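Enquirer: Protein chains in written order, with my numbering: chain A, 1 to 112; chain B, 1001 to 1113.
Simulated from the structure, these hints should not be mistaken for laboratory data.
Just so you know, these numbers come straight off a predicted model, no measurement behind them.
Incorrect hints may have been included.
The list that follows gives simulated cross-link-like pairs (lysine to any residue, SDA-like), each with its CA atoms no further than 25 angstroms apart [stated by the list, open to error]: (1) A:Lys57 with B:Tyr1032; (2) B:Lys1068 with B:Lys1112; (3) B:Lys1112 with A:Pro39; (4) B:Lys1100 with A:Leu27; (5) A:Lys14 with B:Lys1112; (6) B:Lys1061 with A:Lys57; (7) A:Lys57 with A:Leu27; (8) B:Lys1061 with A:Leu27; (9) B:Lys1061 with A:Lys14; (10) B:Lys1049 with A:Lys83; (11) B:Lys1061 with A:Gly58; (12) B:Lys1061 with A:Thr5; (13) B:Lys1049 with A:Gly42; (14) A:Lys83 with B:Gln1045; (15) B:Lys1112 with A:Lys71; (16) B:Lys1049 with A:Lys14; (17) B:Lys1100 with A:Phe12; (18) B:Lys1112 with A:Ser7; (19) B:Lys1049 with A:Lys9; (20) B:Lys1112 with A:His102; (21) B:Lys1061 with A:Asp105; (22) A:Lys9 with B:Lys1112; (23) B:Lys1061 with A:His102; (24) A:Lys9 with B:Gln1071; (25) B:Lys1112 with A:Asp59; (26) B:Lys1100 with A:Asp59; (27) A:Lys9 with B:Ser1084; (28) A:Lys71 with B:Glu1066; (29) A:Lys71 with B:Ser1039; (30) B:Lys1100 with A:Lys14; (31) A:Lys83 with A:Gly3; (32) B:Lys1049 with A:Gln50; (33) A:Lys9 with B:Tyr1032; (34) B:Lys1112 with A:Pro100; (35) A:Lys9 with B:Gln1002; (36) B:Lys1112 with B:Trp1095.
Ranges of calculated distance between the beta carbons of each label pair, as one might list FRET restraints [to be verified]: (37) A:Asp38 with B:Arg1077: 22 to 30 angstroms; (38) A:Ala81 with B:Gln1058: 40 to 48 angstroms; (39) A:Thr79 with B:Lys1068: 39 to 47 angstroms.
C-beta: ideal position from N, C-alpha, C; glycine also.
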Amino acid sequence: DGGITQSPKYLFRKEGQNVTLSCEQNLNHDAMYWYRQDPGQGLRLIYYSQIVNDFQKGDIAEGYSVSREKKESFPLTVTSAQKNPTAFYLCASSVEENQPQHFGDGTRLSIL
Amino acid sequence: AQSVTQPDIHITVSEGASLELRCNYSYGATPYLFWYVQSPGQGLQLLLKYFSGDTLVQGIKGFEAEFKRSQSSFNLRKPSVHWSDAAEYFCVATWAAGNKLTFGGGTRVLVKP
């Protein structure tokens, strides 16, 4: 079955450490997105990519970095510059702009 | 500025009763509109979408939504809720190229037996 796979489901980070969240899709979608969700809040866009080797900052990109070397993959790195990284991170993809986005099951990141 | 408002943070409904979740959007142009559902610790699942045409749209799991341009609203309804409908529901809009979504704050639905 086609879908979006995020790994790991739970991730712990020590202070000052960078961590990378994986997002893989086999839907053949061009566009991919990373969101952050905090308790009781909606989703906020971190980065998005419409094609391979291209990506744009979303609303809260500071302290995060991404790459899009392959159509199927859009990893997110949470750097030590992100001072409040504890959150639920969701990856999504869509076939083209203004079409519904399909979401992965998320990664919960916590600070040790 | 573009925004989506879900006025109800929590709603409690009895199993078998009807459910209506409210959603309003700002900004003059009509956006593309979606409703998503999120179970605890899970991703978001698309319930239905409105792009144009018939203002009453049918979705999965027995949900429907009605677009009302005059009220800038896109309310979600279900005639008879099941215990499995307990979840958080997000109204989402997009106006911009690149499919940047604007999320409402979400409504958490609790279902009483």
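Enquirer: All hints are to be evaluated individually against the structure, with a verdict given for each.
Expert: Here is what the structure says about each hint:
As the CA atoms of Lys57 (chain A) and Tyr1032 (chain B) are separated by approximately 22 angstroms, the hinted pair is consistent with the 25 angstroms bound. Only pairs whose Cα atoms come within 25 angstroms are accepted, and Lys1068 (chain B) paired with Lys1112 (chain B) is rejected, the gap being roughly 30 angstroms. Restraint check for Lys1112 (chain B) and Pro39 (chain A): the C-alpha separation of about 23 angstroms stays at or below 25 angstroms, so the hint holds. About 19 angstroms separates the Cα atoms of Lys1100 (chain B) and Leu27 (chain A), which keeps this hinted pair within 25 angstroms; it holds.
Restraint check: the Cα-Cα separation between Lys14 (chain A) and Lys1112 (chain B) comes to about 41 angstroms, which exceeds 25 angstroms; the hinted pair is violated. Proximity of Lys1061 (chain B) to Lys57 (chain A) is assessed by CA-CA distance (about 35 angstroms); at most 25 angstroms being required, the pair is judged violated. For the hint pairing Lys57 (chain A) with Leu27 (chain A), the CA-to-CA distance comes to about 23 angstroms; that is within 25 angstroms, so the pair holds. Straight-line distance between C-alpha atoms of Lys1061 (chain B) and Leu27 (chain A) comes to about 23 angstroms, which keeps the hinted pair within the 25 angstroms bound.
A threshold of 25 angstroms between alpha carbons decides the hint, and for Lys1061 (chain B) with Lys14 (chain A) the separation of about 41 angstroms lies outside it, so the pair is violated. Restraint check: the Cα-Cα separation between Lys1049 (chain B) and Lys83 (chain A) comes to about 36 angstroms, which exceeds 25 angstroms; the hinted pair is violated. Taking the CA atoms of Lys1061 (chain B) and Gly58 (chain A), the gap is about 32 angstroms. The hint is violated against a cut of 25 angstroms. At roughly 24 angstroms between alpha-carbon atoms, Lys1061 (chain B) and Thr5 (chain A) fall within 25 angstroms of each other, so this suggested pair holds.
The suggested pairing of Lys1049 (chain B) with Gly42 (chain A) holds, with an alpha-carbon distance near 18 angstroms, which does not exceed 25 angstroms. With a C-alpha separation of about 30 angstroms, the suggested pair Lys83 (chain A) and Gln1045 (chain B) falls outside the 25 angstroms cut-off, and the hint is violated. Note on Lys1112 (chain B) and Lys71 (chain A): the hinted pairing is violated, with a Cα-Cα distance of about 44 angstroms set against a maximum of 25 angstroms. As the CA atoms of Lys1049 (chain B) and Lys14 (chain A) are separated by approximately 41 angstroms, the hinted pair breaks the 25 angstroms bound.
Of the supplied pair hints, the one linking Lys1100 (chain B) and Phe12 (chain A) is violated, its CA atoms being roughly 29 angstroms apart against a limit of 25 angstroms. Between Lys1112 (chain B) and Ser7 (chain A), the direct Cα distance comes to roughly 34 angstroms. Violation of the 25 angstroms bound is thereby established for this hinted pair. Restraint check: the Cα-Cα separation between Lys1049 (chain B) and Lys9 (chain A) comes to about 28 angstroms, which exceeds 25 angstroms; the hinted pair is violated. For a cut-off of 25 angstroms, the pair hint linking Lys1112 (chain B) to His102 (chain A) is broken: about 30 angstroms separates their Cα positions.
Taken as a hint, the Lys1061 (chain B) and Asp105 (chain A) pair is honoured in the structure, with Cα atoms around 19 angstroms apart against an allowance of 25 angstroms. For the hint pairing Lys9 (chain A) with Lys1112 (chain B), the CA-to-CA distance comes to about 30 angstroms; that exceeds 25 angstroms, so the pair is violated. At roughly 17 angstroms between alpha-carbon atoms, Lys1061 (chain B) and His102 (chain A) fall within 25 angstroms of each other, so this suggested pair holds. At most 25 angstroms may separate the alpha-carbon atoms for a hinted pair to count; Lys9 (chain A) and Gln1071 (chain B) exceed this at roughly 40 angstroms.
Distance check on the hinted pair: Lys1112 (chain B) and Asp59 (chain A) sit about 37 angstroms apart at the alpha-carbon level, beyond 25 angstroms; violated. Restraint check: the Cα-Cα separation between Lys1100 (chain B) and Asp59 (chain A) comes to about 10 angstroms, which is no more than 25 angstroms; the hinted pair holds. Of the supplied pair hints, the one linking Lys9 (chain A) and Ser1084 (chain B) holds, its CA atoms being roughly 23 angstroms apart against a limit of 25 angstroms. Distance hint between Lys71 (chain A) and Glu1066 (chain B) is unfulfilled; the C-alpha atoms sit about 36 angstroms from each other, more than 25 angstroms.
At roughly 28 angstroms between alpha-carbon atoms, Lys71 (chain A) and Ser1039 (chain B) are farther apart than 25 angstroms, so this suggested pair is violated. The straight-line distance between the Cα atoms of Lys1100 (chain B) and Lys14 (chain A) is roughly 32 angstroms, outside the 25 angstroms bound, and the hint therefore fails. With a CA separation close to 31 angstroms, the supplied pair Lys83 (chain A) and Gly3 (chain A) exceeds the 25 angstroms bound. With a CA separation close to 21 angstroms, the supplied pair Lys1049 (chain B) and Gln50 (chain A) stays within the 25 angstroms bound.
Between Lys9 (chain A) and Tyr1032 (chain B), the direct Cα distance comes to roughly 31 angstroms. Violation of the 25 angstroms bound is thereby established for this hinted pair. A hinted pair counts as satisfied when its Cα atoms are at most 25 angstroms apart, and Lys1112 (chain B) with Pro100 (chain A) does not qualify at roughly 31 angstroms. With a C-alpha separation of about 32 angstroms, the suggested pairing of Lys9 (chain A) with Gln1002 (chain B) is violated against the 25 angstroms cut-off. Note on Lys1112 (chain B) and Trp1095 (chain B): the hinted pairing is violated, with a Cα-Cα distance of about 37 angstroms set against a maximum of 25 angstroms.
Checked against the hint of 22 to 30 angstroms, the C-beta distance between Asp38 (chain A) and Arg1077 (chain B) comes to roughly 28 angstroms, which is consistent with it. The beta-carbon spacing between Ala81 (chain A) and Gln1058 (chain B), approximately 46 angstroms, falls within the hinted interval of 40 to 48 angstroms. For the pair Thr79 (chain A) and Lys1068 (chain B), the beta carbons lie near 44 angstroms from each other, so the given range of 39 to 47 angstroms is met.
Hint check: violations occur at hints 2, 5, 6, 9, 10, 11, 14, 15, 16, 17, 18, 19, 20, 22, 24, 25, 28, 29, 30, 31, 33, 34, 35, 36; the rest are consistent with the structure.
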